[in-house]
Amino acid sequence: MNGVDLELARAHAPLFAVTIPLVGAALVLIAGSARLSWVVATVAALIAATVTADFAYRLLNHARPAVAELSIPLQVDGVGSFGAALVTGLSALAIVAVGAFLKDAGSRAAPFRLALLLCITAGWSGALLARDLAGVAVSVEVAWLAGVAVVTFHGARDRAALNGALRMLTLGGVASALTLLGVGLIGRAAGDLRLATLPIAHISMPGVASAGIAFVIVGLAVKATAAPVHAWAAAALGRGGAVAGLWVGAIGVVGALLVMTRLSAYAVAAPELGAGVSATLAVLGGASVVIGSVQAVGARTLPRLATYACISQAGCVLVAIALGSPAGFAAALVQLLALAAAALAMFGGAAVGRIRDLAMLDGFWQRAPLASVAITAGTLSLMGAPMTLGFLGRWRLIEAGVGVGWWWAPLLVIIASLAGVFYGGRLIERIYFRRANRTFEGEASPWRFAVAPSLICAILTIALGLAPAVLLRWSDAAAGMLTGAAT
Amino acid sequence: MNAELALWGVLSAPVLQAALVIAFARPPGLRDVIHIGFSLFAAGCAFYLVGAVAKGEEARIVLAGPLPNVDLAFSVEPLGALMTAALTGLASLHAVHAAGVVRAKQEKAPARLLAFIALTMAGVTAIAFSANLFSFFVAYQALSLAAFPLVAHRGDEEARPAARAFLWTLLASSIGLFLPAMIWTYAIAGALDFQPGGVLVGRVDVVTANVLLVLYVLGLAMAAIPPMHRWLPASSNAPFPALVAVQALAVLPAGGIGVLKIAAYVFGPVMREASIAATGLIVLAGVGMCVAALIALSKRDIRERLAYSCVAQSLAVVMGALLALPAGLFAAALQVVALACAAATLLMAAGTTAAITGRTGTVDYAGLGRVMPWTFAGFAVASASMIGMPPFAGAWAKLWLITAAAGSGLIWAAALAAVAAMLTFAHLGPLAANALAARAPTDAFKRPDGASILLAAPVVLSAAATLSLLVLADPLAAFLSPMWTP
Chain A
1 MNGVDLELAR
11 AHAPLFAVTI
21 PLVGAALVLI
31 AGSARLSWVV
41 ATVAALIAAT
51 VTADFAYRLL
61 NHARPAVAEL
71 SIPLQVDGVG
81 SFGAALVTGL
91 SALAIVAVGA
101 FLKDAGSRAA
111 PFRLALLLCI
121 TAGWSGALLA
131 RDLAGVAVSV
141 EVAWLAGVAV
151 VTFHGARDRA
161 ALNGALRMLT
171 LGGVASALTL
181 LGVGLIGRAA
191 GDLRLATLPI
201 AHISMPGVAS
211 AGIAFVIVGL
221 AVKATAAPVH
231 AWAAAALGRG
241 GAVAGLWVGA
251 IGVVGALLVM
261 TRLSAYAVAA
271 PELGAGVSAT
281 LAVLGGASVV
291 IGSVQAVGAR
301 TLPRLATYAC
311 ISQAGCVLVA
321 IALGSPAGFA
331 AALVQLLALA
341 AAALAMFGGA
351 AVGRIRDLAM
361 LDGFWQRAPL
371 ASVAITAGTL
381 SLMGAPMTLG
391 FLGRWRLIEA
401 GVGVGWWWAP
411 LLVIIASLAG
421 VFYGGRLIER
431 IYFRRANRTF
441 EGEASPWRFA
451 VAPSLICAIL
461 TIALGLAPAV
471 LLRWSDAAAG
481 MLTGAAT
Chain B
1 MNAELALWGV
11 LSAPVLQAAL
21 VIAFARPPGL
31 RDVIHIGFSL
41 FAAGCAFYLV
51 GAVAKGEEAR
61 IVLAGPLPNV
71 DLAFSVEPLG
81 ALMTAALTGL
91 ASLHAVHAAG
101 VVRAKQEKAP
111 ARLLAFIALT
121 MAGVTAIAFS
131 ANLFSFFVAY
141 QALSLAAFPL
151 VAHRGDEEAR
161 PAARAFLWTL
171 LASSIGLFLP
181 AMIWTYAIAG
191 ALDFQPGGVL
201 VGRVDVVTAN
211 VLLVLYVLGL
221 AMAAIPPMHR
231 WLPASSNAPF
241 PALVAVQALA
251 VLPAGGIGVL
261 KIAAYVFGPV
271 MREASIAATG
281 LIVLAGVGMC
291 VAALIALSKR
301 DIRERLAYSC
311 VAQSLAVVMG
321 ALLALPAGLF
331 AAALQVVALA
341 CAAATLLMAA
351 GTTAAITGRT
361 GTVDYAGLGR
371 VMPWTFAGFA
381 VASASMIGMP
391 PFAGAWAKLW
401 LITAAAGSGL
411 IWAAALAAVA
421 AMLTFAHLGP
431 LAANALAARA
441 PTDAFKRPDG
451 ASILLAAPVV
461 LSAAATLSLL
471 VLADPLAAFL
481 SPMWTP
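Protein sequences, first through last, are from chains A and B. Note that the first sequence ends on residue 487 in the working numbering; no numbers are left out. Note that the second sequence ends on residue 486 in the working numbering; no numbers are left out.
Keep in mind that the hints were calculated from the coordinates and are not lab data. Worth double-checking, as some hints may not be accurate.
[As the list claims (entries may be wrong)] From chain A, some residues computed to sit far from chain B (all C-beta separations above 12 Å): (1) 54; (2) 174; (3) 291; (4) 421.
[What the hints assert, rightly or not] Selected chain B positions facing chain A (in silico; Cβ < 8 Å): (5) 65; (6) 171; (7) 214.
Yeah, the Cβ is synthetic: ideal placement off N, Cα and C, and Gly gets one too.
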């Protein structure tokens, strides 16, 4: 490939971010065998991650990358590119880990599951790069339904997973209806569904438009596991198995939150919608922090604990978005990266150790030291321990909150951190200071290499907590571009 | 060697020590040599830093820049240098003693115990040299996490809940109270640096100053101000080497250092504007001193008695720091040093006694001084220092405290300190006297060869250290004067 071809390919990066996973999914289905399909899926995920990372790098460093004019309704903005790079990067890591669990639902099902995973990646990337609300809604549905199918596949191993899948389908269906209704109302009130024109649109019916955006936000909140509309999360992620934990719990939740961040940035810039959007997000965020924290403290299994801890963290993200300022959006992006890394570390570590009940963590350090390190780093980040990415995200939220006079925002952060001390302390005590339960001592790790992605996330959590300058610059640039574009 | 190198040395030596102790857990001789050797090295670096500060040298280390305008940084200043020198000096004695105790008592997982003791020393050193509130907060959290395994060391049904209470109290108060205060300070001042004269000067109104002071002082649960003192009695079931680290050398002194740094480097003259909160906290500290000393009197286990005794003594530090006078700050600084010397001596003596005789009940101490004269001589000297009897270290600290309290018009605070001293006499004086004067028990020793030099010598030497303030009080006042004269 010569330089001209390379530049041409780079100009089509947004298109490739969506199509490469889809093409990969098709090839995976053709490949047939479990192992070969995993190799194909890994290659596709890595290519997608490289393309989006390269594009985001150039965009966020103000290199003004060329973007080809396409008839497909895609649009590039700061949060979209940051988010697409994050989602595809996470997917590439998760698909490596998934190699260890491919045969959980039978080797014949493996290609189908891998294809669904790539559809999840394509769906969330599409939603983050979509030009209009209809594109966002369709892409989100693709990702969501693929997620439901992933959870359903685990029903072959654990029937309880079907309950989770049914809940996802039911609640997701209601959420989709709300989203579509909201999109329709916004279209009716603003006369245009394009995101870029939303801040400057002449909104003839502000009440209708406000109701519309509220419906869209609540619909997405269901998929982002925001409380109190998170009833599917524990059932699906607690019993859906390792693959569901990684793809729905980590990538799905982060993807939904990124889409909410992007939409909110456009919506708050519209004078008729801003206050309503902020209030809705603030209520959802506050409820998520409080309810997620309380439920995490009471959780009895590691997947449920990780789910609820992520809900609490998601609440902090929503509060940051609700601020509506560039600093708030930048804080949200940092927190989303922290959430993604922590969720992948925790769900991945739990999957490698085949951990369900917390009692199985007793003496885990002696059985699986690397997975223990990953879970510990994820826990510390979710606790908001200093020198982790989680602390940085919360600090940025506090700074942004105090900056606009929202003094209750630090209070929510402190609630999340206090709960984190409780459940995090319990996890760490079990992992390092209890004797290994003999029942679990003999259980071997499914595949040692599967812990690598979790470990990478753990390292990322600490490294970016120690030296966050680049991350802060990029998150500020992404938020600045989006809010600049929106206003 | 220069000051920066010494600062690197004193901060990194305990971490390296912990790693090497774990790596060379066997043979025990090598493990103990590493433990003692690195403790001595850290103490050497700390004493070098005292000299460097006296000569006006400066040193600053920036480890990371995790937040905009806020570094994870450590710098040399008089208070940090003095405290580190005192604590690491005592820690090197304790390293010898701990090596003896883990052998005599055949403690389980001795390498882990010694490693976490080293990590707690790293934590308190980082606290002492922290250059700003953020670094202080990070070091505080790290110290809490490093001390948790010490309290949980036995791993039984008694130790686990105690360790959870310990960790929960320390972390919850720091996150729930100290962190908001830190954020508030950052919002007001736009910086978190410790600076003589106070970072808040000219930036806060009366209400803010009062609320911030309450948040900071209660958030520093390591200072053991009621009701945040629960962690200290909870830790009293830990093995003796761990107790020395927690109650004498690392966690409790860290609370005292924290209160001093907040009073001197965050508030400074603003303490006068926070007089309502300060007075309330002084009442709490004064009454807490008396009640803790009274509770100590009721305890029959030496570990519990010493735990409450340490609470009472630690509150004297809080009282001194809140008096808003240079004399009060100096009294508090002396009290941290005096408490560390006396508490380390008492706990090491009790550890020696438990290792050799298996006795931990105060009623069983009668006459033991006749069969363990060196150990109980040290115990008696340290008790006298805790009580505040001249010429031992505690006397000078209490003298300055009472003078400062009277000087600031708080005669009642001076009276409370005096009452607490009398109650301390009641719970330690007769115990020491009875141990020395009563008839020797016929079945004193569990171990036929008695106490080894590893167990007796550190007690005697740390007891001797309580005499140090007799000659050092005036030079220390000059040394610490940059704290209150920016």
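Cross-check of the supplied hints:
no.	hint	in the structure
1	54	holds (27 Å)
2	174	holds (37 Å)
3	291	holds (19 Å)
4	421	violated (5 Å)
5	65	holds (7 Å)
6	171	holds (5 Å)
7	214	violated (16 Å)
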